[in-house]
Amino acid sequence: MDTREDRWAKAMRAERTGDSAAYEAFLRAFAASVRRIVEAHLRYMGFSLYEAEDVVQEVLIAVHSRRHQWDTKRSLLPWLNAITRYKIIDASRRLGRDARTRVDLTEEQWAGLFSFEVFDPERNPADVEKLISALPPGEQAAVRAIGLEGASTKEAAARIGSTEGAVRVAFHRSLKKLMAATQRRGPGHE
Amino acid sequence: MNDNRQPTDDLIRGLAAQAGKGASLSLRLSIVLPVALVFSILAATGVVVMIAGPRSDLMQILPTWTFLFKVIGMVLVAAGGFHLVWTVVQPSQVPRTVIFLAPALAFLLTGALFDRSGFPLLGVHTYSVLNCAGTIIMASIPALAAILSAMRAGTPTRLSQAGAIAGFLAGSVGGLAYTIACLNDGAAFVAVWYSIAIACVAALGASIGPKLLRW
Numbered sequence: 001m002d003t004r005e006d007r008w009a010k011a012m013r014a015e016r017t018g019d020s021a022a023y024e025a026f027l028r029a030f031a032a033s034v035r036r037i038v039e040a041h042l043r044y045m046g047f048s049l050y051e052a053e054d055v056v057q058e059v060l061i062a063v064h065s066r067r068h069q070w071d072t073k074r075s076l077l078p079w080l081n082a083i084t085r086y087k088i089i090d091a092s093r094r095l096g097r098d099a100r101t102r103v104d105l106t107e108e109q110w111a112g113l114f115s116f117e118v119f120d121p122e123r124n125p126a127d128v129e130k131l132i133s134a135l136p137p138g139e140q141a142a143v144r145a146i147g148l149e150g151a152s153t154k155e156a157a158a159r160i161g162s163t164e165g166a167v168r169v170a171f172h173r174s175l176k177k178l179m180a181a182t183q184r185r186g187p188g189h190e
Numbered sequence: 001m002n003d004n005r006q007p008t009d010d011l012i013r014g015l016a017a018q019a020g021k022g023a024s025l026s027l028r029l030s031i032v033l034p035v036a037l038v039f040s041i042l043a044a045t046g047v048v049v050m051i052a053g054p055r056s057d058l059m060q061i062l063p064t065w066t067f068l069f070k071v072i073g074m075v076l077v078a079a080g081g082f083h084l085v086w087t088v089v090q091p092s093q094v095p096r097t098v099i100f101l102a103p104a105l106a107f108l109l110t111g112a113l114f115d116r117s118g119f120p121l122l123g124v125h126t127y128s129v130l131n132c133a134g135t136i137i138m139a140s141i142p143a144l145a146a147i148l149s150a151m152r153a154g155t156p157t158r159l160s161q162a163g164a165i166a167g168f169l170a171g172s173v174g175g176l177a178y179t180i181a182c183l184n185d186g187a188a189f190v191a192v193w194y195s196i197a198i199a200c201v202a203a204l205g206a207s208i209g210p211k212l213l214r215w
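The listed protein sequences correspond, in order, to chains R and S.
FYI, my numbering numbers position 171 of the first sequence as 171, with every residue one higher than the one before it.
FYI, my numbering numbers position 102 of the second sequence as 102, with every residue one higher than the one before it.
Chain S on its own, in the form it takes in the complex:
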């Protein structure tokens, strides 16, 4: 037989000798990912409080439909994102993007289409759009870092896709945190500009994913 297969044979014998060992050393995804998610939400909220501060009438608007629309929308997006992160770090699973994001998309689209609030799409202030998207992106950065490092405990095999999904989840966590500061109560504004901010973070994740997630 080929001489160059000898080292492989030796390697196999060495690996086989380790059978049954080492299980306790591997970090468990089912712990690491939820921890990263909780940290992301706290960190993003911290950033939003520091940059923008909660809106002054937060307590009054909490039970209103406009505020709930933002929160429910972002929770749905984040839930889909979390599920995608969960699947993309497991080699045997194919992330079914469309299915996981359908509820969030349907919710946001319905809200935007039936938006009768009369709030302008470009926001109530000159810099509404920049403020909104900018703050969401800033709030997403620590979340993105936490999610990407947690994903290293798993085995992502399509790194750009995994990075994009990490960015998507981070962006939606940023969007969720920003709801406490956002003054624009139009559903269309939320559906459009929050989504664009999330897409930016997803693009950032896709671009740095291959570098950071390599194994």
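Chain R on its own, in the form it takes in the complex:
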């Protein structure tokens, strides 16, 4: 039987005798499956996929630095699962904390929460349109497709005729600009 458990356990044993090639092949295969899990988890939690590679690397380093603790008489997959799960939970806590600090407003901003009457996208689509049309064409297209029409990055990329990665970058860049622009406008219109 050549299951994943057997293949990976064999590679982990080979590592102990200094077989770099086998170990590297294992790390690649393992990284690919961790990446799938991490991306699915981040998407499910509503976090940006930008963090995915960081988390994948944390898992790899954790497994690597503890590889001698794996008891070769036991199954490898449950051991890898537990470490991966731990690191993913750890990362989502950290991302959750970061997200909270990012949206945490000052007392003044909280107090003025409802005073931005002029810029209320629900009521003033014209305002949004004005802000978007100030963006470069590529970013405009990304924001319209993803932000306004709710397309996925894949659909948006297909529509614009660009790659998924580029669309994602354009979308995030434009969001940053829009946020900066509304902050500039907001207080002035009080």
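Just so you know, not all the hints are guaranteed correct.
Claimed, not checked - To spell it out: a stretch of chain S is covered by chain R in this simulated footprint if at least three of its residues, at any positions, have a beta carbon under 8 Å from a beta carbon of chain R; those stretches are:
# : region
1 : 8 to 16
2 : 87 to 94
Unchecked claim - Here are some chain R residues the structure puts well away from chain S; computed CB gaps all over 10 Å:
#  : residue
3  : R4
4  : R7
5  : D19
6  : R43
7  : F47
8  : G96
9  : R100
10 : Q140
11 : G147
12 : G150
13 : A158
14 : I160
15 : H172
16 : R173
17 : M179
I should point out that these hints are in silico values taken from the structure, not numbers from a laboratory.
By construction, the Cβ of each residue, glycine as well, lies at the ideal position given by its N, Cα and C atoms.
Fit chain S to the given chain R structure using the hints.
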């Protein structure tokens, strides 16, 4: 492919180059955990001797059933606790709490149910309960510190649970040490108040575990 995977590729190459190295650097659990246990027992005994002192008739009661009940009960609890600590620091193992604690629970419960000694549940003195639980908890603190630091040599992946298990073992070591000072020879007293003291230490372990065991 995605540009942001390049650093991961580099990392993998770097890690692979270390194949076969570094084994001697990792602390071995099979040494660290028993050492921590022995230290815990010595430290807890020290605390009990300092706070309460061994009871004056210790030598006479050593062979009696009432004293043996306490010791055997606490050794069973500690053995279960040690086994749980052993499993909770290894990612591939699931601590089977119920199975490991069943012998201790059965022993203590049987003792408590068939307790014909007539010793009151609240102890022979006004402050028996406070003294007993308080001393056990105090004796468990250095043990808890030793066990938690030893567990860092392993890989706990459920930190609250791991902390609670560390506290449980520390508490039972504290209880074991306290047997030399305990004047309350009722099995029911032991089963109830020792258990409550152990539960307190387990709760303490669960609350500090996530902070101290992070990796």
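Structure-based check of each hint:
Requiring three or more residues with a Cβ within less than 8 Å of a Cβ of chain R, the coverage given for the region 8 to 16 of chain S holds, as 6 such residues are present. Counting residues of the region 87 to 94 of chain S whose beta carbon lies closer than 8 Å to any beta carbon of chain R gives 4, which reaches the threshold of three, so the coverage claim holds. Once the 10 Å rule is applied to beta carbons, R4/R is consistent with being away from chain S; the minimum gap is 15 Å. The beta carbon of R7/R is kept farther than 10 Å from every beta carbon of chain S, the shortest such distance being approximately 16 Å.
A beta-carbon of chain S comes within 10 Å of the beta-carbon of D19/R; the shortest separation is about 6 Å. Listed as a non-interface residue, R43/R keeps its Cβ farther than 10 Å from every Cβ of chain S; the least gap is roughly 15 Å. The Cβ of F47/R sits about 15 Å from the closest Cβ of chain S, beyond the 10 Å cut-off, so the non-interface label holds. Listed as outside the interface, G96/R is consistent with that label: its C-beta sits roughly 15 Å from the nearest C-beta of chain S, beyond the 10 Å cut-off.
Even its closest Cβ contact with chain S, about 18 Å, leaves R100/R beyond 10 Å, as expected for a residue assigned away from the interface. For Q140/R, the condition that its CB be more than 10 Å from all CB atoms of chain S holds, with the nearest at approximately 23 Å. Distance check on G147/R: its Cβ is at least 22 Å (rounded) from any Cβ of chain S, clearing the 10 Å threshold; non-interface status holds. A cut-off of 10 Å between C-beta atoms confirms that G150/R is not in contact with chain S; the least separation is 24 Å.
The Cβ of A158/R sits about 17 Å from the closest Cβ of chain S, beyond the 10 Å cut-off, so the non-interface label holds. In this structure I160/R is separated from chain S by more than 10 Å, as the shortest Cβ-Cβ distance comes to about 18 Å. At the 10 Å boundary, the C-beta of H172/R stays outside the reach of chain S, the nearest C-beta of that chain being 13 Å off. Every beta carbon of chain S lies more than 10 Å from that of R173/R, the smallest distance being close to 15 Å; the non-interface claim holds.
Residue placement check: M179/R keeps its beta carbon more than 10 Å from all beta carbons of chain S (closest about 23 Å).
Hint violations for this structure: number 5 only, all remaining hints satisfied.
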